Amino acid sequence: MGCHFLASLEKENRDRVKQHYAGLLVVRGCGHFCNHDGRQWRLTPGAFVQHLPNQWHILHRDDPTLWCEASLSLDFKLYQAFVDLGVINPQEPVLTPVNWEELVPRFSDIQKRMQQMAEHELPGLLIDIQRLLWDIRLRHQRRSASDTKAKNLDWAADFLASNLHVCIDYEDVATQCALSYSHFRRLFRQRFGLPPAAFRRRAKLNTAKFFLQDPSLPVSEIARALGYPDIFAFSRQFQRYFRISPSEYRRLFLAGGSGEAVHEEQALRGDSSAE
1 MGCHFLASLE KENRDRVKQH YAGLLVVRGC GHFCNHDGRQ WRLTPGAFVQ HLPNQWHILH
61 RDDPTLWCEA SLSLDFKLYQ AFVDLGVINP QEPVLTPVNW EELVPRFSDI QKRMQQMAEH
121 ELPGLLIDIQ RLLWDIRLRH QRRSASDTKA KNLDWAADFL ASNLHVCIDY EDVATQCALS
181 YSHFRRLFRQ RFGLPPAAFR RRAKLNTAKF FLQDPSLPVS EIARALGYPD IFAFSRQFQR
241 YFRISPSEYR RLFLAGGSGE AVHEEQALRG DSSAE
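When we follow this note's numbering, the leftmost residue of the sequence shown carries the number 1, and every step to the right adds one.
These aren't lab readings, by the way, just hints derived from the structure by calculation.
These figures come from a predicted structure and were not determined experimentally.
Beta carbons are placed, not taken as given, at the ideal position from N, Cα and C, and that holds for glycine.
For each label pair, taking beta carbons as the anchor points, the in silico distance ranges come out as:
{"no.": "1", "residue 1": "Val83", "residue 2": "Leu125", "range": "13 to 21 angstroms"}
{"no.": "2", "residue 1": "Arg240", "residue 2": "Gly193", "range": "13 to 21 angstroms"}
{"no.": "3", "residue 1": "Glu92", "residue 2": "Leu217", "range": "49 to 57 angstroms"}
{"no.": "4", "residue 1": "Asn99", "residue 2": "Cys68", "range": "13 to 21 angstroms"}
Below, in silico cross-link-like pairs of lysine to any residue (SDA-like), each with a Cα-Cα straight-line distance of 25 angstroms or less:
{"no.": "5", "residue 1": "Lys77", "residue 2": "His36"}
{"no.": "6", "residue 1": "Lys204", "residue 2": "Glu248"}
{"no.": "7", "residue 1": "Lys112", "residue 2": "Asp128"}
{"no.": "8", "residue 1": "Lys77", "residue 2": "Asp128"}
{"no.": "9", "residue 1": "Lys77", "residue 2": "Gln55"}
{"no.": "10", "residue 1": "Lys204", "residue 2": "Pro229"}
{"no.": "11", "residue 1": "Lys151", "residue 2": "Leu138"}
Please work from the sequences and hints to get the whole structure.
The following block contains the structure:
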């Protein structure tokens, strides 16, 4: 069992077989890690790399002079005990814990205690090592959950910006993102600057402007294609946000493109508070 801070190492570290477990937190520098089954990970500060016992790997450092890592090693029996407890997951060779900077002092504290430790202090130290490794896993799961939310929100934005002719149930969209509607609405607005209904309304109106540039498309057909109940509802909303009627926008655009000079920015600012 050991804990170290290492810097300015060799560029490439090849370990065909290692009998013990080593977990290293990249503090400074970049590189990549390849495990025994050929999977590769790009390493940047905050990556936690797990060298698993009896498994071949390659750790490549882009610039060894810029590299710094905090490393923790465990013998095989202790590693297996932590696997059995669920503290270490061998299926996750590289973790990316959130707020990883907070972990560095804990590595430093464990290192100092190992250097000065009396035998009766070993159980307490093992508990703190277990807590550290468990916290790294939890922080990684929090980042994964955050990434999943971001992907779900991006999906929701794509969904709301398409199928503009159908009626949307926003609560159902939130459910598809595994969120309550209030939470979904707040996160969506944080990410895209508009609440969901206003975001969809903007997509409809921007699409309407594009359609209006084609003189062969009747305004009534555009209204129908965008899901408005009739041409009057479409015209009211278009004029509300762009301060100009659809027909007038088309006339100005075809006359020389001046239809683009409508008050869109002001309209969309007003739209951001509406549902």
